[in-house]
Structures are given as C-alpha cells and as structure tokens.
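Trainee: The lines below spell out each chain.
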Amino acid sequence: MENIIQLRSVNKWFGEFHVLKDINFSVSEKEKVVICGPSGSGKSTLIRCINRLEEHQKGSIIVDGMTLDENTKNISAIRSEVGMVFQQFNLFPHLSILENCTLAQIWVKKKTKNESEKLAMDYLRKVQIDDQALKFPGQLSGGQQQRAAIARALCMEPKIMLFDEPTSALDPEMIKEVLDVMVDLAKGGMTMCVVTHEMGFAKEVADRVVFMDEGNIVEEKKTSDFFENPENERTKLFLSQIL
Amino acid sequence: MEFLNPSKYAYFPLAEWIEKYAKDWFFAQRPVFKKISIPIENTLSSLDSLFNFIPLPLIVLMFAFAAYKTNGIKFAIFTFLSLIFIDLVDVWEETMTTMAMIVTAVLFCCVIGIPLGIAASRSDIFEMIMRPILDIMQTIPSFVYLIPVVMLFGVGLTPGVIAIIIFALAPVIRLTNLGLRQVTKGVKDAGKALGCGKIVVLYKIELPLALKSIMAGVNQTLMLALSMAVIAALIGAGGLGLNVYVGLGRLDIGQAFVGGLGIVLIAIIFDRITQKIIK
Chain A
22 MENIIQLRSV NKWFGEFHVL KDINFSVSEK EKVVICGPSG SGKSTLIRCI NRLEEHQKGS
82 IIVDGMTLDE NTKNISAIRS EVGMVFQQFN LFPHLSILEN CTLAQIWVKK KTKNESEKLA
142 MDYLRKVQID DQALKFPGQL SGGQQQRAAI ARALCMEPKI MLFDEPTSAL DPEMIKEVLD
202 VMVDLAKGGM TMCVVTHEMG FAKEVADRVV FMDEGNIVEE KKTSDFFENP ENERTKLFLS
262 QIL
Chain Z
136 MEFLNPSKYA YFPLAEWIEK YAKDWFFAQR PVFKKISIPI ENTLSSLDSL FNFIPLPLIV
196 LMFAFAAYKT NGIKFAIFTF LSLIFIDLVD VWEETMTTMA MIVTAVLFCC VIGIPLGIAA
256 SRSDIFEMIM RPILDIMQTI PSFVYLIPVV MLFGVGLTPG VIAIIIFALA PVIRLTNLGL
316 RQVTKGVKDA GKALGCGKIV VLYKIELPLA LKSIMAGVNQ TLMLALSMAV IAALIGAGGL
376 GLNVYVGLGR LDIGQAFVGG LGIVLIAIIF DRITQKIIK
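Taken in sequence, the protein lines are chains A and Z. Quick note: the first sequence uses my numbering, first residue 22, plus one each step. Quick note: the second sequence uses my numbering, first residue 136, plus one each step.
Just so you know, these hints were derived from the structure itself, not from any lab. What you were told as hints is all true, and nothing was included just to trick you.
No more than 25 Å apart at the CA atoms, straight line, and that leaves these computed lysine-lysine pairs for DSS-like:
# : chain 1 : residue 1 : chain 2 : residue 2
1 : Z       : Lys-323   : A       : Lys-94
2 : A       : Lys-131   : A       : Lys-94
3 : Z       : Lys-339   : A       : Lys-134
Because the structure is a prediction, the values reported are computed rather than measured.
Work out the full structure, taking the sequences as your base and the hints as a guide.
Mentor: In structure tokens, the structure reads:
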C-alpha cells in the first residue's frame with residue numbers, strides 16, 4: 022500500500038529545545054494511527070507539522086505526493102486535503118455553526134453558498150447537530166462544539182484527518198459522543214492520525230499505535246501487539262499509568 | 136555660581152538652524168504636499184456642501200432617529216432638543232462645518248489608520264517603530280506642529296483637518312493593532328488548517344473578531360478630533376472652533392461659550408451613538 026503521509030528524518034527545534042528528533046513516520050491510505058505519549062513528548066507538534074501549522078527545520082515531509090516546503094501553493098493544496106480537529110475546538114466564535122462549515126468551502130473551494138450549505142447540513146446531520154446549525158459556538162456544549170469542528174473539517178472533503186487530543190478539553194460525559202463520531206468516521210474508511218490518551222478508542226479502531234517520548238518515536242506496533250507485548254520500558258511504564 | 140552655567144560660554148543655535156534650513160525645505164516641499172491634500176480637500180468640501188444642502192429639519196430628524204435606534208427614546212429627545220437649541224443660538228452653519236471637518240478627519244484616520252494597525256499587528260518591528268511615533272503625535276503640543284502644517288499646506292479648512300488627522304490618528308492604529316493581536320492563535324490555526332490563505336484569514340476571521348476593538352478606536356479618534364476642532368481654528372479652519380477662538384481674542388465670553396457648547400453637544404451625540412454601535 023502506498024504511503025499517503027511520509028516523514029523522513031524530520032527534525033524540529035523551538036529555539037534551543039529539540040522537539041522532534043529524527044522522526045521517521047508514515048501512514049498508508051485508509052490506515053488509522055494513534056499517537057500517544059506523555060505531555061511534552063512532541064506528538065502534537067508532529068501532527069501539526071503534517072499540515073505545516075509548524076515548520077520543520079530538517080528532513081522531508083511528503084503528503085499525498087506533495088512535498089511540504091516554502092512553496093505556498095503546495096501548502097494550501099495540502100491543507101485543503103488534510104482536515105484537522107483541535108483540542109480547544111477553535112470554532113469561529115463570530116459565525117454560526119453553519120457558517121463555520123461553509124466559510125472555507127466558499128472562500129477556498131469557491132463553491133456557491135447553496136452548494137456549501139447543503140454539504141454542511143449533510144455533515145452536521147452525520148454528527149447529529151443539524152438542529153443546532155444556526156446557533157453560535159458559545160451556545161453549544163463542549164461535545165457539540167467538537168462535533169461541529171469535526172463536521173467543519175469534513176466539509177472540505179479531506180483525504181486525511183488529523184486529531185490533536187480531540188477529547189482532552191471535554192467533560193467526561195461528553196467524551197463518548199465525540200469518540201462515537203470518530204469511530205464512525207474510521208469505519209467509513211478515512212485515513213486518520215489521532216493524538217489521544219483514549220486507549221479504548223485506540224484498541225477499537227487503530228491499526229497501529231505509536232508511542233512518543235522526548236521527541237523520539239520510542240515504539241511503533243500493530244495495535245494488539247502494542248497493548249499485549251510492549252517492549253520498551255518507557256512504554257510499559259506509560260501503559261501501566263494510563264490503563 | 137552663574138559662571139558654571141554652560142550657556143555663559145557657548146550657544147547651540149538649534150532654533151536658528153531650524154528656522155534657516157528647515158523652513159526653506161518646508162517651503163520647497165509645498166507643491167508636493169498641496170497635491171497630497173487634494174483628496175482631503177475634495178471630501179471636505181463635498182461633505183460641507185452636503186450638510187449645508189440638506190434642510191435643517193431633515194438633519195435633526197436623522198440624528199434623532201439614529202439616537203432612537205441606538206439609545207432609545209430618552210436620548211432621541213435629548214438629541215432633538217440639542218440640535219434645535221444649536222440653531223436657536225444661531226451657530227447651525229458653524230456646527231455643520233465642524234461636523235464636515237470631523238467626519239472628514241475621522242474618515243481619513245480610518246483609511247490611513249486601519250491599514251497601519253493591520254501592518255503593526257503583523258510585524259513586531261513595525262509596531263516597535265510605530266509606537267514612539269504615535270506617542271509623539273499624541274503628546275507633542277499641537278501648537279508646535281501647527282507651524283509646519285501651515286508651511287506645508289497653507290491656511291484654511293483643509294490644513295485644519297490635516298492637523299486634526301495628525302492629532303486623532305493614534306487610537307485607531309493602536310486599537311486595530313491590539314484587537315488583531317488579541318485574536319487567539321487557535322482560531323487563526325483553524326482557518327489556516329482549512330486551507331484559507333492569509334487574506335481570507337484576515338478579512339473573514341481576524342478583522343470581524345477585532346471589530347469591537349477597532350470601533351472603540353474609531354470612537355476615541357472621533358472624540359480627539361472634536362477636542363482638536365478649536366485649535367484647528369487657529370490656522371484658519373472655520374466652524375464652531377472659530378467662534379471660540381474669536382471670542383477668546385475679543386474677550387467675548389458669550390460667543391466663545393456658544394461655540395464651546397455646540398462642540399460639547401455634538402460630542403455627546405456622536406459619542407453615544409457610536410458607543411452603542413460598538414455593542
């Protein structure tokens with residue numbers, strides 16, 4: 022199977038701090054990869070490099086055959102193929118949920134208002150908040166906001182979805198509704214990269230689990246192997262703390 | 136102890152130098168600056184003739200309506216009575232001239248200030264350069280720059296408006312910059328992640344979110360412009376400021392008071408209406 026995301030010896034520094042150390046990582050089409058690890062291990066930075074919200078300083082990143090570099094055309098082409106969901110939802114507070122979903126369709130994909138609203142309503146129905154479409158983000162619960170954010174990303178019809186700790190900012194009773202949406206999406210065949218601590222989700226949908234610590238990929242295994250025979254001491258310690 | 140004073144032994148002719156060299160330079164530049172002021176002059180004269188063309192009752196009703204829409208019936212009555220009163224004390228025409236000047240000045244402050252504020256929010260270096268310039272513009276005694284303004288632009292209404300623009304420009308730049316810098320990184324990231332270019336992120340996400348702050352800047356600019364209206368009369372700008380200035384010169388308390396009152400009344404009206412628009 023072809024790799025839709027390919028990172029080769031990627032290095033990144035924040036000033037003096039070496040966040041990503043020689044990362045080699047790939048995701049093939051339709052694969053679901055969960056990235057976990059202690060906070061500050063570089064996992065968020067890693068997926069933010071995939072749509073160039075962060076710039077890497079060394080190495081190469083190729084997404085769907087396009088190399089990520091200074092070339093702005095590539096960046097916007099890649100960004101419209103890669104959807105992203107953030108920990109803090111990051112919905113546009115001045116726009117209704119529906120407008121949140123149509124903004125990029127209208128201004129990036131140059132679709133008409135009608136077309137984009139129709140697609141937006143389809144996805145909002147899929148995440149079961151179509152009845153909230155005309156409300157503003159501030160009027161919704163955290164779980165609803167995160168589902169709206171997922172719908173907003175899906176409206177760009179991306180090939181890949183990146184999730185950056187999508188449930189970490191949610192109250193416990195709202196985690197399930199967001200995970201359910203993500204499980205559905207995974208079953209629908211989406212290529213997914215998920216940074217999360219939800220090991221139940223990882224067991225249910227992930228093909229592969231990657232464990233990161235201090236800017237390195239420490240362990241990378243098929244999901245069942247990862248949970249049953251972790252080799253590295255740090256992985257074992259992490260799993261014992263989280264499970 | 137006087138023998139210790141440096142000025143006893145030497146003199147640094149700064150004032151003479153400026154008088155001699157800068158003056159010549161200013162006069163030489165006059166044609167260029169005259170051209171720059173053409174758009175301001177055109178806007179001002181068309182607004183002035185517009186305000187004086189619209190019949191008085193219509194203007195009163197328009198303002199009262201705007202006051203009603205924004206602040207409710209009480210303030211509408213206040214606005215209505217204030218404007219009637221301004222005509223009763225016979226300074227209606229001067230008030231319209233002052234309004235044309237203020238509106239022109241605020242318009243140009245926005246046209247110049249908002250783009251500068253955007254630039255300052257994009258670049259820390261540009262912000263660092265702008266900050267002392269804005270401080271100088273706001274704190275330097277306005278009498279000091281009235282002289283170069285007269286040298287470059289002559290006397291009259293337009294130079295008066297230019298002096299007002301210099302004085303009132305700072306808040307709209309500052310608050311545009313501040314408002315844009317307060318937009319959270321996450322929301323901008325979300326826009327970028329959806330594939331929006333810089334321009335779309337700016338116009339569709341950042342500026343709408345900064346709008347409240349920008350409008351607060353415009354409101355402050357408006358208030359500064361009104362407070363400058365009297366000083367602008369010193370260099371030949373007409374309007375209510377002229378009444379105050381002439382009254383001062385002739386010790387005619389009555390005339391000065393009427394001019395001052397007119398400025399206060401339209402300041403209150405403008406302030407309340409724009410404050411409510413912000414909210």
